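Undergrad: Residue-level listing of the chains:
There are 2 protein chains.
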Amino acid sequence: MDTTTLPQQMIAQLENIVGQSFLFSDTATRTHYGHDETEDYNFPPSVVVKPANAQEISEIMKLANIYKIPVVPIGGRTGLSGGALSIYGGIGLSTERLNSITIDEKNLQAILGPAAITQQFQEAALEKGLFYPPDPSSRGSCTIGGNVAENAGGARAVKYGVTKDYVLNLEVVLPTGEIIRTGANTLKNSTGYNLTQLMVGSEGTLGIITQIVMKLLPKNTHNVLMLVPFFKAEQACEAVAAIFRAGVVPSALEFMERDAIDWGLRFLDNVNLNVKDEVQAHLLIEVDGNYPDILFAEAEKIMNVMEQFDIDEVLYADTEEQKNALWKLRRTVAEAVKSNSIYKEEDTVVPRYELPTLLKGVKAIGEKYGFKSVCYGHAGDGNLHVNIIKGDMSDDNWKNEVPKGIREIFELTVSLKGTLSGEHGIGYVQKNYMDIAFDKKQLGLMKAIKGIFDPNNILNPGKILPDVI
Amino acid sequence: MDTTTLPQQMIAQLENIVGQSFLFSDTATRTHYGHDETEDYNFPPSVVVKPANAQEISEIMKLANIYKIPVVPIGGRTGLSGGALSIYGGIGLSTERLNSITIDEKNLQAILGPAAITQQFQEAALEKGLFYPPDPSSRGSCTIGGNVAENAGGARAVKYGVTKDYVLNLEVVLPTGEIIRTGANTLKNSTGYNLTQLMVGSEGTLGIITQIVMKLLPKNTHNVLMLVPFFKAEQACEAVAAIFRAGVVPSALEFMERDAIDWGLRFLDNVNLNVKDEVQAHLLIEVDGNYPDILFAEAEKIMNVMEQFDIDEVLYADTEEQKNALWKLRRTVAEAVKSNSIYKEEDTVVPRYELPTLLKGVKAIGEKYGFKSVCYGHAGDGNLHVNIIKGDMSDDNWKNEVPKGIREIFELTVSLKGTLSGEHGIGYVQKNYMDIAFDKKQLGLMKAIKGIFDPNNILNPGKILPDVI
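Residue numbers (our numbering), protein chains in the order written: chain F, -3 to 465; chain H, -3 to 465.
Don't take every hint at face value.
Identical copies go unnamed one by one, so any copy, or any two together, can satisfy a pair.
Cross-link-like lysine to any residue pairs, in silico, SDA-like; alpha carbons within 20 Å at most [stated by the list, open to error]:
(1) K155 / N216
(2) K228 / K356
(3) K155 / R254
(4) K437 / S54
(5) K272 / V410
(6) K319 / D463
(7) K368 / D431
(8) K228 / D273
(9) K359 / E397
(10) K368 / K386
(11) K437 / G447
(12) K297 / N286
(13) K443 / D463
(14) K413 / R177
(15) K436 / G447
(16) K155 / L213
Think of the hints as simulated: they come from the structure by calculation, not from any bench. What you are looking at is a predicted structure, and each value in this text was computed from that prediction instead of being measured.
Just chain F, same shape as in the assembly:
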């Protein structure tokens, strides 16, 4: 498929659907909607449209099928796998006008437009005493529709699960233009094939999500947050599995290599932390609940586990301010690394106990191919973000050698019974590694599913599935 220019007649028809003020073809707007947070890519759509509702999206999809023009759904553009990039041009469909947030207190549910900002949704729930746990680092600007499309996770997944565990029902505009519901607004459902879970994590390739029904929990009133410095990075990874084996399920269990902390501290002005030279890594550990005494008891259990390892003095965050500072430090690592160098971010995931083996393997592969990596992430889930730094590496090496190293990293994760992506999705940048996780039969099933939903292959083409199967 080549990059697409839209026929003038089609543009006029699009304008009829969305109205003149919601169609944009100027370079500035196209460039703005041409990128997400994936490396330094920019693939501008030929036009940007901002429909008002599912009905308009349905009409756009029907039109796009007539002209065989690609459509790319665009949310908060915080993605890290290039899911929102208009790699073949065409129509960039921003859902931004569908941003309603309704909290249904009676049923502990929320009804959301796809463009609702995750943090705003969390805060709206909290105001009613309710809790939406999934908590991606980009929550201040990512959209809930994007979270569903990528099956986003975040720091609290270790106790509370990922986005998929909260989605009860979706309204979706199919690539062929029909508007369907995927399920029911119920906590349990054994009624036909699970179209809801097929849509979650499908990265905007099987349908455009126009409404989301989410499950909510009663909110927790208290938490305890501690930062544990380790003199050996691998021991920090080992300690992760040991905490669970002691019977504690923390609400967050984050790993940061020394560089991740250092780069984060340099990036932020107002966070102070003294880290001894010998410290190689930190665990950031949170427990939450409604009873402070219990949380201190759980924290003590965790400390008993920590003391089996070679650690420095533990920092307890005593105030909300300290807690916010530590979370800000953790959330900002990706941005800090990005500000430092061109980089590629891999979203490796393995069974929790295999984390030390993964970390060791990543470093060995880096040495072999001559790249440095900064590693951090959701250790409680076995989800390690590997940021591969370009630094002063030659463009030739970056382009030809590093992908071989990435391939070896993924081969390692799969050999450990893990996979390519824990929460970022495959999108554009990882698709040609999919053969490591799946063979031709599995990929063929996925391709056939795509064909059922999108016979003309116009909805977000060129994503997830490898170029050659």
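Place chain H on chain F using the hints.
TA: Just chain H now, kept in the frame of chain F:
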């Protein structure tokens, strides 16, 4: 499709695959494998095979595709929607020899054969200090493969979720004979379309599950169980949503109508309970955790909610014996009803707050069509089992009028944003109600998915999808 007789040559080939002692064509065995717990149906397969492993199952599927003979996977035969019935004869494939249970303490995971008995798995996990929460009433004899196929729930789903929330990865023999893995052994996964969740709840129509990787939790050490008698059944339903709004998430929250308790008590010899004549319904409520003081505090919060309603004296189960007796009473209701009369069991589910409206509607519909119903179930999930009693109703009414009433009940659940089945599946007996929950487009997508996996429509045909779409 007509009932199938197998060619002699094919039987010889099947015998070659599984060995002579694992192929059965005698009437007794065929009848034994011809039923599950669905009403009084018996559809014997033409032959029963008991393969030893995925490889043999793969060869059976390849052979069945050559001869175009239906294959029905058979687990514990405790299903309530007829998923395991060989409605077109053919090969009844019992997975019973694949019953291994391996607990992976290091990763808090289990690796299971599909025929592992759910309760035996739960107990094996508990021995290692781990917890598998899904807890169908039939756990003593149902298999974990059947639980995955039907997306089984049970009493603890209200806090801990259903089977789908624990399945990390599956090994599956596809209808065409290939053996695939659906995902990875990780807690998070955003790598391609979610084949794992597509397989869960697909009722043995998309593949034969040969291995299951399950997530486990650290076990809880304590629980508190109470039985609350209500003078008005609808108030018991209203109290359910009120408990959550008070910020408590019980580990079980079960509703039983007066008749359910009475029939259960008559069925069991050794359970004593004095229930005042005026009591119309009970809630059985459990909270669990590791800290007894907290559980008593949670129980008190629940009591404060209960006192807003018209209740009789609450019974706290003080001993393990009392707890077991109350759970036995609850688990035995379906069997007790069955011993009393021919009945049909509907597995209605709605958003939690709509439960009183559902109960009232079911009773009104019953009056209109002249049937009595016994209602009970997992009220915390909005999942109400409606047992429709034949009693002394004429066969003609049972066959022609009751289905109209059932249709109205499902129309009611869907109008309340609920659906047909919360945890039993659609199988054989509900398939022709599917048009109430889904329109032609949705059903067409499901049928097309079935076609991708099973082009010859030989794996468990005639289930889930309606006869006419």
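Undergrad: If a hint holds in the structure, say so; if it doesn't, say that too.
TA: Going down the list of hints, with the structure as the test:
| no. | hint | result |
| --- | --- | --- |
| 1 | K155 / N216 | both (13 Å within a copy, 15 Å between copies) |
| 2 | K228 / K356 | within (12 Å within a copy, 63 Å between copies) |
| 3 | K155 / R254 | neither (25 Å within a copy, 38 Å between copies) |
| 4 | K437 / S54 | between (32 Å within a copy, 14 Å between copies) |
| 5 | K272 / V410 | neither (35 Å within a copy, 61 Å between copies) |
| 6 | K319 / D463 | neither (45 Å within a copy, 58 Å between copies) |
| 7 | K368 / D431 | neither (25 Å within a copy, 57 Å between copies) |
| 8 | K228 / D273 | within (12 Å within a copy, 68 Å between copies) |
| 9 | K359 / E397 | within (15 Å within a copy, 70 Å between copies) |
| 10 | K368 / K386 | within (8 Å within a copy, 73 Å between copies) |
| 11 | K437 / G447 | both (15 Å within a copy, 15 Å between copies) |
| 12 | K297 / N286 | both (18 Å within a copy, 13 Å between copies) |
| 13 | K443 / D463 | within (11 Å within a copy, 27 Å between copies) |
| 14 | K413 / R177 | between (34 Å within a copy, 11 Å between copies) |
| 15 | K436 / G447 | both (16 Å within a copy, 18 Å between copies) |
| 16 | K155 / L213 | both (13 Å within a copy, 10 Å between copies) |
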